[in-house]
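Peer 1: Residue numbers (this note's numbering), protein chains in the order written: chain F, 1 to 226; chain V, 1 to 310; chain A, 1 to 259.
Wrong hints could be hidden among the right ones.
Stated by the list, open to error - Using 20 Å as the maximum straight-line C-alpha spacing, the simulated SDA-like pairs for lysine to any residue come out as follows:
1. F:K76 with A:M1
2. F:K76 with V:D74
3. V:K305 with V:S276
4. V:K292 with F:W12
5. V:K240 with V:V159
None of these hints come from the bench; they were simulated from the model.
Keep in mind it's a predicted model, so treat the numbers as computed, not measured.
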Amino acid sequence: MSWFIENVDLIWGLTANHVALSIVPIVLGFAIAMPLGWIANRRLALRSIVITGGSLLYTIPSLPLFVILPYVLGTKITDDRNIVVALTLYAIAMMVRTAADALAAVPADAIEAATAMGYSTWTRFWLVEFPLAGPVLLAGLRVVSASTIALVSVGAIIGSANLGYLYTNGKQRDFLEEIVIGIVASLVIALVFDVVLVLLGRVLMPWTRRRGRTRFRSILPVEGVA
Amino acid sequence: MFTANRRARIATAVIAAGALVALAGCATSNPTGTSPTDSATGPKIVVGSFAFPESEILGNIYALALKNAGYSVDTKFNLGPRQTTIPALKDGSINLMPEYNGNLLFFYDTKNTARTTSEVDAALATKVPKGFRVLTSSPAEDKDAYVVTQELAKKEGLVSIGDLTKIEPFSLGSNPQFGELAYGIPGLKSVYKIKDVTFVPIEDFGGPDTVKALVDNAVQVADIYTTSPDLVAKKLLVLKDPENLIAAQNVLPLLNSKIYSAKLAKVLDRVSAALSTTDLIALRDRVEGSEKAQAATAAKDWLTKKGLLK
Amino acid sequence: MQFFLDAFRWLLDPANYVAGAQSPLPIQARIGEHLFYSVVSVVIAAIIALPLGFYIGHTGRGRQFVIGFTGGMRALPTLGLLMALFVIVGATVPFTQAAFVASIIALVILAIPSTLAGAYAGIESVDSQTVDAGRASGMTELQVLSQIEIPLSLPLIIGGIRASALQVIATAVIASYISLGGLGSIIASGIGLNDNNRILGGAMLVTVLALVVDGIFALAQRLTRRRGFSDTRQQKTHVRGRSLGPVTVAGTTADEGKK
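Given the sequences, and given the hints that come with them, work out the whole structure.
Peer 2: Right under this line is the structure:
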């Protein structure tokens, strides 16, 4: 434990960086995946393009993507934006399918009722489809959050100063304590993010506490992210 | 149902989003090294390092010494091997690197024949590309070395690299690029006439994995750097290099000419002059041995001991 | 675009396939290793996770545990896990086996959640009326499981294994940083030599390998789906979650595969 106490500043700094590197991909991935998911439900052809594109993205391993992106983006090779862009791509890939499925699962009668009330597509989306898809979207977002935070650490291999540094540095010095502290810190970030997302869901979707929850539960077998 | 608390909900969302952004914004950019000073003058120095502890120690030494001299300093450590740090210097990600003169010369000129410190320094001065420059090299040296266990050396009568013909076929462990660098496998074959060697890539710059591979006899020969505390601790032997396959490897700063000034050179020259090979071994031992001091701490203590910090 | 073409040329260069070439070549040897590590990990994970998933899906016991467990696993940083395991395993096991043992343990841990989730979600998804019909006709619980629930939920079970296989293939890449072979060593040497052909070529190989394996699993899912005795009926019971059931299992778990 003495190493931990002596290096609290380092660990805190790395944790803050780790958080910073995680937030943007999670938020941006969600924001970009939503319209893509919506479009995917308009046409079957578009759906297969979006869904296939998403799964194709998954299969690209992260490490080479981090290394190649500077050449594609024209960024500096030590620029953390490379990692942010790569993780955003993965977040989109993860989220787009959930977004499409969640919107597809909105009951048709609710949409028809809204249309009958004279809602425009835009208003209907925000007032009917988005809130009703909310619980599933939240579950998807929690998955994206946990995965992104875990994935950030790979960036340490190419010099990004996040918690992954403790893994590579610890391995180089045959020093288990440092690695384990890094893992625990990463898990704590994931837990805090998850709690924030759940609370945000409760506040934004108060009706899920009363009803509707069970309806969506069966859809997502891995809903409850720890 | 959607309108009753809608405003409150939107407000909460906005606050939450704002808090996240604020949290992201307060993150520091360089938790592994020193932070930039506010009242600093002159060009902004960004010190890089290779992805092994000694380089990080040296990077910290440069960073702290310059910061102490009033420069604004940032750090980007653990970038990888030279094949990553040189592009990082080129694109301006970093502008100062602790380097090793022999291997740096090899990087720029694979056919060079310079071997001693003075030969290498002289050649390097002409080979460093425009826009970059090196400063005076330190007496401190950390060489790549062909290393075997003392046990194997005794059993097979291994003294110099050429003796490795006695144990062919054998395996050699080192970082992936060693398989293709002039002082690596190609040199072993052309200079020392070794024919049957299997290259085992071990991604840790002669660190604990490489040492373990050697001790466990997974490889019979390994590229371990001469400042490794494990050379003594694990009873290893550095094979002699009579053909001078491996050039001198004195520590020296490589920098972007834009940050050069006589004042900066003076600060780094003082550091280089004070640093010895024994210091390097001791510094590595503090960081990689049982103490597990952080590189920044070891660097600061060394600078203080040498009276290089105000 | 040019470096994609260059990398493609590198991939097609016969010189990179000459047997006995120096590591990280020849390419086919690295593909073989990569497949070997992946198969071993996925099989071990299946041996552990499938029975557990069947039990949970059949009895409904421990459901909360699995939900928490799979979620928590997702947050586990694989790079850290790999390196921690390597330090732990390396303290007792010789170097040649340490990288292999540590990597396989890490990859198995990575593969268990998806496989487990697929297995229990699959069993759970089987229409309870069908299960009750089986019981009414005198089947034992084991018979209900093996003759009704498992055959009917095979597409979902395979979907879980499919997701874990993709994760394992993508993640085995970073195991080269603890000196495991496989396609990761091509990428690592590319990074070491600043050789884009190897970095990109290696990445393409991993992607293609993942797509091929994914295709095989997709085919297996399709074939097993046809085997169900009440294909249309099963569809009907899942009308709302039509694409959600299987897709979500795959979609939510394949995602962290790049660690």
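Peer 1: Each hint should be assessed against the structure and marked as holding or not.
Peer 2: Evaluated hints:
In summary, the hint linking F:K76 to A:M1 is supported, as the alpha carbons are separated by about 19 Å, within the 20 Å threshold. Between F:K76 and V:D74 the CA atoms are separated by roughly 16 Å; this keeps the pair inside 20 Å, and the hint holds. About 13 Å separates the Cα atoms of V:K305 and V:S276, which keeps this hinted pair within 20 Å; it holds. About 18 Å separates the Cα atoms of V:K292 and F:W12, which keeps this hinted pair within 20 Å; it holds.
Between V:K240 and V:V159, the direct Cα distance comes to roughly 6 Å. Compliance with the 20 Å bound is thereby established for this hinted pair.
The structure fails none of the hints (numbered hints given earlier).
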